[in-house]
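Novice: Below, each chain spelled out in residue letters.
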Amino acid sequence: MARVLLFGPLRDIAGWRERDVEAASLADLRRALSVEDAALGEALAGPGVQVALDQAIVRGDASLATASEVAFLPPMSGG
Amino acid sequence: MSIRLTEQPFDPGALLSEFCRGRSEVGAVATFTGIARAEAGATTILELEAYPGFTEAEIGKIAEIARKRFGLADLSILQESGGSRRARRSSSSPQVRRAGARRSRPATS
Numbered sequence: 000m001a002r003v004l005l006f007g008p009l010r011d012i013a014g015w016r017e018r019d020v021e022a023a024s025l026a027d028l029r030r031a032l033s034v035e036d037a038a039l040g041e042a043l044a045g046p047g048v049q050v051a052l053d054q055a056i057v058r059g060d061a062s063l064a065t066a067s068e069v070a071f072l073p074p075m076s077g078g
Numbered sequence: 000m001s002i003r004l005t006e007q008p009f010d011p012g013a014l015l016s017e018f019c020r021g022r023s024e025v026g027a028v029a030t031f032t033g034i035a036r037a038e039a040g041a042t043t044i045l046e047l048e049a050y051p052g053f054t055e056a057e058i059g060k061i062a063e064i065a066r067k068r069f070g071l072a073d074l075s076i077l078q079e080s081g082g083s084r085r086a087r088r089s090s091s092s093p094q095v096r097r098a099g100a101r102r103s104r105p106a107t108s
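Sequence lines, in order, name chains A and B. Numbering-wise, the first sequence is residues 0 to 78 according to numbering that gives the first Met the number 0. Numbering-wise, the second sequence is residues 0 to 108 according to numbering that gives the first Met the number 0.
These are computed hints drawn from the structure, not numbers from a lab. Model, not experiment: these values are computed from the prediction. Don't be surprised by glycine CBs; every beta carbon is placed ideally from N, CA and C. Misleading hints may appear alongside valid ones.
Partial chain A-side listing against chain B, Cβ under 8 Å, derived [as the list claims (entries may be wrong)]: (1) F6; (2) G7; (3) A51; (4) Q54; (5) A70.
So that you can see chain B by itself, here it is in the shape it has in the complex (with noise of 0.2 Å):
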């Protein structure tokens, strides 16, 4: 099981590539990404605050219940955190929403 934090942009799709990646005894793999939304142009910038640390740990209770309760081979989970890089790279006013976050979350089972 993997729980990470990064401040950086990344790709999904080759999260999953790699975590299906030579496995050969799971039969599915499901995934989960969160985005966020424009709120019809009100929302330019995402900030999402992390406390590293405590928060893994408190993904981790929740993944560790999600593994017990679907039976779950394996789990990754990568979640991003910052934004206030990209706001400085944004529009001069923008519109801070500090709520939902770019995550990807794939399992098997």
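Just chain A, same shape as in the assembly (with noise of 0.2 Å):
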């Protein structure tokens, strides 16, 4: 069971900004929200959204095993 948490746009799409998932890895996690929610799904692919497992960036698949928070963090822009 992993805690996930969207940010800014991404969180405008789900609709929500925090929740429990039940995936053994981030692929795993990706497939069960793009099942329930395709819009999101396809905004969590984007470019320039980064994953953040237990506040450390991850690129590519990983295991959930042991990670207790995931962050889709969209890309920054503005200034």
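Build the complex from these two chains, which are given one at a time in their own frames, with help from the hints.
Specialist: The structure is reproduced here in structure tokens:
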């Protein structure tokens, strides 16, 4: 069970900011979220979206066996 | 080195004064203060989300690069986040822009 956090436009698309999701890996988590909400799944796979597992950026797939928090971070912009 | 987030508005001048206090072996202090643009009236509210813990750590990585690159003696970074509270205080149909933030980063060398 991982606590999933969404920020910025990802939160707006999903309609929620934080929830617990059962998934064994990051790929599983993406699939689970996409099945439930295709628009969110597409947004999470969008360019520039980064993933942090327990506050450390990861790229590609990763096990969620020991991770307690997964944050999806949209690209920064503005200035 | 100090890196903090705040949801409260702050006075960059006061931060600078506090940062300079008691420093007798520093030759200069450089500052950067970001402010929100109104975009010709199109933007009335600025909302900036932070990921507590992660945000400070990421800012810290950038600060450490700057410290080494410019030979800084010290750094103080205060980043404002939030905005929804201010949004409720403003007009009934605010335009929200999630970009930029008020920030102040004094650095000594």
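Novice: Just pull the numbers of the violated hints for me, sorted ascending.
Specialist: Every hint satisfied by this model.
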